[in-house]
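Chemist: Each chain, written out:
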Amino acid sequence: MTVSGLIRSGSLNANDRPLWYDIYEAFPPRLEPRFDRPIKVKPVQPIFYQEDSVRARFQQEYGSPGTLQLRRSPAARPASICDQFVAQFEALRGVSPQLSEQELFEAAADALRASGVTLRRAGAGPEPRAASAEGETDPAPAAATAAASEKELLRVADLFDEQKPTEKR
Amino acid sequence: MLALLWLKLTAMCHYKFSTMTRPHKLRIKLHYNQHAMSLYRSAVRLLPACLRVTSRRALVTSSARTKDHDLHLPTPAGPLGTWATLKPRPEKYVDTEADIDPSVTDPLRHPDYFGVRELFTMSDLFDARVHLGHREGSLNPYMAEFLLGSRLGHCVFDLERTAQLLRDALNFTAHIAYRGGIIMFVCRSPQHVHMVERTAMECGEFSHCRHWPPGVFTDSTALFGGVTRLPDLLVLLNTLDTVLEQHGAVKHAAKMLIPTVGVVDSNCDPRLVTYPVPGNDDSTTAVRLYCKLFSEAIRRGKAEREKSAVV
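Here the protein sequences line up with chains A and B, keeping their order. Under the numbering used here, think of the first position of the first sequence as 1, with each following residue one higher. Under the numbering used here, think of the first position of the second sequence as 1001, with each following residue one higher.
Just so you know, these hints were derived from the structure itself, not from any lab. Careful: at least some of the hints might be erroneous.
To be verified - SDA-like, lysine to any residue: derived pairs with alpha carbons at most 25 Å apart:
| # | chain 1 | residue 1 | chain 2 | residue 2 |
| --- | --- | --- | --- | --- |
| 1 | A | K40 | B | L1152 |
| 2 | A | K40 | B | L1230 |
| 3 | B | K1292 | B | G1180 |
| 4 | B | K1251 | A | R34 |
| 5 | B | K1251 | A | R37 |
| 6 | B | K1292 | B | S1150 |
| 7 | B | K1302 | B | F1126 |
| 8 | B | K1255 | A | K42 |
| 9 | B | K1292 | B | F1126 |
| 10 | B | K1292 | B | S1207 |
| 11 | A | K42 | B | A1163 |
| 12 | B | K1292 | B | D1282 |
| 13 | A | K42 | B | L1152 |
| 14 | B | K1292 | B | L1230 |
| 15 | A | K40 | B | D1106 |
| 16 | A | K40 | B | R1161 |
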């Protein structure tokens, strides 16, 4: 508007208008760059999903087991243990909807343990799991957990993947 | 205190000028800070005439060709152009009979002459983590309208809105490059400075990613020891200088009537940025995506310029 005013009043020759003037006229911004523009009062909505209740319960019981891979896109990274649990829960709910939340929860936990995932009570400390309590000594569970965690091993070199320049430039 | 005074001055200047204009015509609203007019005038006079205006191609229309009314999106006018009421494109630039093929359309009349909409997809934005903002506690009230919501306190941008605004920004950048404008990249996060400077060099434009002295634009003659041609567009990849202060370039560009295209994070103030792009400005993947998109837009603009110069 400054420039239009200048041109209209004759202070600025129309031929002297800035490079961006025509482009701005053809493609005005959707929101005017005004310092005194009123705030659009839009309350920030919290984002929740239906399965958050399941996630909350899981994390209360079992904490946050395993490592969370956040570097790549969701499609490329492996599902976290919590997400696997939620998937099991939803699958079981679809198969047998008559079960209660508690039963579904325990069934999902058992299914997850059966697939080889270690689930320990949050804050319980290292103790033999109920599912594998057949007289195993301490080194055996430790070895089992070590084997499980090797799959999710993070290498330090991987952490700097993003800093490397990409091939396509 | 000083900021308050400045704000008051801006508001006063705006109201003063708004009474001058005719009320019923479609006004082109360039509401920049008003009090540097004399500086601007002297700067413009010193620009060589050939750099100011480029010729336009004659418009060729034919009803037999396909229409571009699907590409053009007429929107209802609104008082201040808030999100709910978008501004319409001025009538003289809208031609629903125009051909989709850009080679026969005037660049400014085509809604997307440089094809910036095909440069990225929403999933590209998502994978680059553009949707992640800071926490709610540091949210700037003017950024609230760009958010989808907050996930356990972390702000999440509405990528549909971001995509639209990013397309606008890329389109504007490409047009400026097409007209031979000087584009300057600005970035203030130390881990990305090298990437941004390299991007600017590779597309033949400029960058200033270091400390910003106060008089770079407003006192350029004294600072550089001679008359300086200022950039025609500023591409800001960080609008914050430190975590708490806005970058001086935002204000100074507004004072000198230089349009800005800026990535505004949830703790940034988008008001003075001409074409804000709400998105993450901290993640390396996001900054790499922005660099790639802006450099591609500039390249397309320049390629088109070469082609039309040859022809």
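Chemist: Compare the structure with each hint and give your call.
Modeler: Hints, verified against the model:
no., hint, result
1, A:K40 - B:L1152, "holds, 23 Å"
2, A:K40 - B:L1230, "violated, 34 Å"
3, B:K1292 - B:G1180, "holds, 20 Å"
4, B:K1251 - A:R34, "holds, 12 Å"
5, B:K1251 - A:R37, "holds, 16 Å"
6, B:K1292 - B:S1150, "violated, 28 Å"
7, B:K1302 - B:F1126, "violated, 29 Å"
8, B:K1255 - A:K42, "violated, 29 Å"
9, B:K1292 - B:F1126, "holds, 15 Å"
10, B:K1292 - B:S1207, "holds, 15 Å"
11, A:K42 - B:A1163, "holds, 20 Å"
12, B:K1292 - B:D1282, "holds, 16 Å"
13, A:K42 - B:L1152, "holds, 18 Å"
14, B:K1292 - B:L1230, "holds, 24 Å"
15, A:K40 - B:D1106, "violated, 36 Å"
16, A:K40 - B:R1161, "holds, 15 Å"
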